[in-house]
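Novice: Chain by chain, the residues:
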Amino acid sequence: MAEVLVLVDHADGDVKKVTYELLTLAARLGEPAAVFVGSGADQAIAGLAEYGATKVYVADVADASDYVTTPLVSALAAAVAVASPAAVLIPSNADGKEAAARLAVRIGSGLITDAVDVTADGGIGAEQSVFGGATIVASAVTHGTPIITVRPNSTPPVVQSAAATRVDLTVELGDADRTARITERVAEERTGRPELTEAAIVVSGGRGVGSPEGFAVVEALADSLGAAVGASRAATDAGWYPHQFQVGQTGKTVSPQLYLANGISGAIQHRAGMQTSKTIVAVNKDSEAPIFELVDFGVVGDLHQVLPQLTDEVKKRKG
Amino acid sequence: MSALNIVVCVKQVPDSWAEKKLDPADNTLDRDAADAVVNELDEYGVEEALQIQERLGGPESVTVTVLTMGPEKATESIRKALSMGADAAVHVQDAALHGTDAIGTSLVLSKAIERLAPDIVIFGSESTDARMSVVPAMVAERLGRPQLTFAGKVEVEGALVRIQRVTDYGYDTVEASTPVVVSVVEKTNEPRYPSFKGIMAAKKKPVETLGLADLGVSPDEVGIAGAWSSVTSFAARPPRQAGTIVKDEGDGGVKLAEFLASQKFI
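Protein chains in written order, with the working numbering: chain A, 1 to 319; chain B, 1 to 266.
Check before you lean on any hint, since a few could be wrong.
[Claimed, not checked] Derived Cβ-Cβ restraints for the label pairs, each shown as a range: (1) B:225 <-> A:183: 43 to 49 Å; (2) A:312 <-> B:144: 55 to 61 Å; (3) B:178 <-> A:317: 55 to 61 Å.
Worth flagging that the hints you see were computed from the coordinates, not collected in a lab.
Cβ atoms here follow ideal geometry from the backbone N, Cα and C, with glycine treated the same way.
The shape of chain B in the complex, shown without the other chains (with noise of 0.2 Å):
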């Protein structure tokens, strides 16, 4: 038993760079649309554990394991988390999370890690597909942990977690004990690239899949019909109208500010 375990919430979604689309058969996201990566902000919570890892001691201080729910699919990411050092990893897979909303998802979430019991939990600030922000404070909330969330810089004492959390001004320090419930930004760290000795250890490293009876989560809490909140419909925007573009021909500003003028903002 290591001094100390983190446990990683990684989420597979689609290309952040890929124009994403909804499935009109149901009104969720349309995860076949786009080829499938982990969540950028996610790779930052494991380089930030990763690097709690090195700092405090390596693997025989510190246990990390990686945490995702989602369709087998999902095994990639997991795969992509291990190459890049992660310790170990839980996948959460079962038939009945398709559409499962931010409450369920916290739910189901709070369950793996109550079976987990982690110093602690590390998430990426937003997901790429959803961009909601909301799980980390959703678990902290289920778990009565303390929220650490938006970290631009995690610093651990023994059992003292602090941060600086982001703001429109620059940035609060907040501290609290373990076990905490942490979310980062892609200001904290640079995450690595995998090593092909990474990749290749990666294939040996324990995945435990779980479904939803060993969390004793029931299949109606979860999914379309045990979500909260529904899409009733959804439109592409309209196209906006062809704008004027003129080429610069050392009157560039003096053209733009009659354009300004005319829309009355000077």
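Next comes chain A alone, as it looks inside the complex (with noise of 0.2 Å):
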């Protein structure tokens, strides 16, 4: 069976979960491998054969976090290059788009980003969800080894312990891998909260939130459910939250367990970001929001005295 290549994505060896994911859907479609650029490799390598990885191609680069995406794109290229692989899973937030869009252009392969799902019947075939979650679209790569992009949250991680035996790729990178470097890192703020695409739980405000203070109402009852802080374009663009928690089009796009909108009216540069949510939550004060047509639960009602009343109830049942 052939090999369907993975890109492991990580901070220093400290795995992130769509990796795991993007293990289950691999074996979906033939022989799961992992692709490890950077340092780290041997903190990883268990967690990658719990969730299936029959091997690890591991690209030591030492500077390759110093630059955009090169660095990724020439240690896929030479593992694609060494494996011959069935497809290429790659986690679809900024860095593993890029580095699939080089990939598609460097080893002349059709690209599909933004997966929910993918499948192997009659050849290897994905599934997206375009126009705000209003159409589900099957596609297909017809040229080329198929670049799959998978979002986050698109399937639960199953483990299935598997060899993930080593294999050193020799990665040189060129004058042109190291051009747009990367001269320092900025953390904004350190919640302490799970990641946006990738949390379970995503508790979210908007324009009904009033006021940048209104957002210690929505983040109470975030951490209270333990759960990840979006907000509206409304609420970003009025500078009430940062701009790197919105969920939409043009922001982020979320799939959690949960999604509580929160003062939210429901317009399609929202629901563009959240529709395909398992479960959906809103609390508005306006009984005509379009969000309510999207719910399993709604609250018509002001998010300053439900949202509190609940994080209390939360906390109280948690206990």
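Take the two lone chains and join them into the complex the hints point to.
Specialist: This is the structure in structure tokens:
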């Protein structure tokens, strides 16, 4: 059976959950093999084995994290040359999508982005959710090795132990890989909350929150649930909440188990980023708000009354 | 010849606030189903180019050229960008381009960019129709230019371009020497509205129309036939089952908690 390569998303060997989800999907298409770029592979291999990686290709490029995307592309191209894989699966985040884009051009292969599922019947294909989640599209790559970026939370990761044999790749970064140099990484706020696109629960606030201070009730609820905090474009444009937490078209796309929309009307701009969430709950003063068409449970009321009460109740029930 | 040349890539898309559809005839985006507008994020690209121009001495020292690929109708988007203040435009238009995928688009744009030879190419970080965010990276790859993408802030100091690349945790400062490829997010600036004077001036600005032959691109490298991926089928998402809506009568939070408990979230 042909290998299916999965690009490992990690920070110094600390592997992100989306990698395990992609290994789980890769097992449907062939033999899962991980591609690890940068330092920290020793720390990562056990976890990759646990989720089914039969091989781990390691490109231990010392300065890989100093350049935007190019080291990932060179390592993936080297792994493709060695493995001749049936497909390459890459996490659908900014770095992943751009690495996939460049890889597609470099190796002359078709690309599908933002898949929410992959299929193996009658050739490898992908399912995408487009136009704000309103349309489901089945796509296939018709040229070269299928390169597919997959959204986080598309499938639950499944434990299936494998050998995870380490294979070291020789990857030399050329001058062309060393042009866009990262000189500084700035963490604006370490909240201690889960990452927005990976979180199982997301609590979001919109125009109805009313002010930057108003987000305190949204954050308090999120913390009681162990959730990430998101915001609608209305809230980020108003400067009430930082831009990187924006959910929707032109922002992040999330697909958590539970999405709580607070003071968000539910215009298509927002729906585009959250409509594939498994369970959707909303609190809004306006009973006519379109968000209520999407919800499993909705409360017509003032979020500044409802959320603190809910937070207290969650804390009480969690004891 | 200006000291600095900037090319801004602009795409015409169906209105991002409208419902979009695929055309069952060939599984491509139905561009007649909604009003066409300039891709919202590309307006931020135009604005950024104009702000760089203003900072570095105006049109005498910096030229801003708009580049678009699309049907004749895309002229409207070119006019909008010229009305905002761009100096000139290039419109790549060819019947063979219908249904071109991101790979083909990046090929055509790269050829046009090579011809214009700008110091800085600016894109919006995503189009609101396809939402792939891949064309800027593909163009950087094809041209062998440094990729300064997802910029929340752009600074130009001589031949050095420095951006703040927006990340999940904040931003990375990334720098490279020209020629570079930049993409901007909506955090970067606030696009201006065209003034009446700008709209009048735009009518006199040069727009060059190019076909695939002018760029040395073969028709079989683009279009539906030249695409390296294809839509095999599509369907409307089944509507969600109507949920329970309650009115808050002082117990909304408790009722919501009961629902979350019933679904095992708490």
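Novice: Would you mind marking each hint as holding or not holding in the structure?
Specialist: Here is how each hint holds up against the structure:
1. B:225 <-> A:183: 43 to 49 Å: 44 Å, holds
2. A:312 <-> B:144: 55 to 61 Å: Holds, since residue 312 of chain A and residue 144 of chain B (Cβ atoms, about 58 Å apart) stay within the stated range.
3. B:178 <-> A:317: 55 to 61 Å: 58 Å, holds
No hint from the list above goes unmet by this structure.
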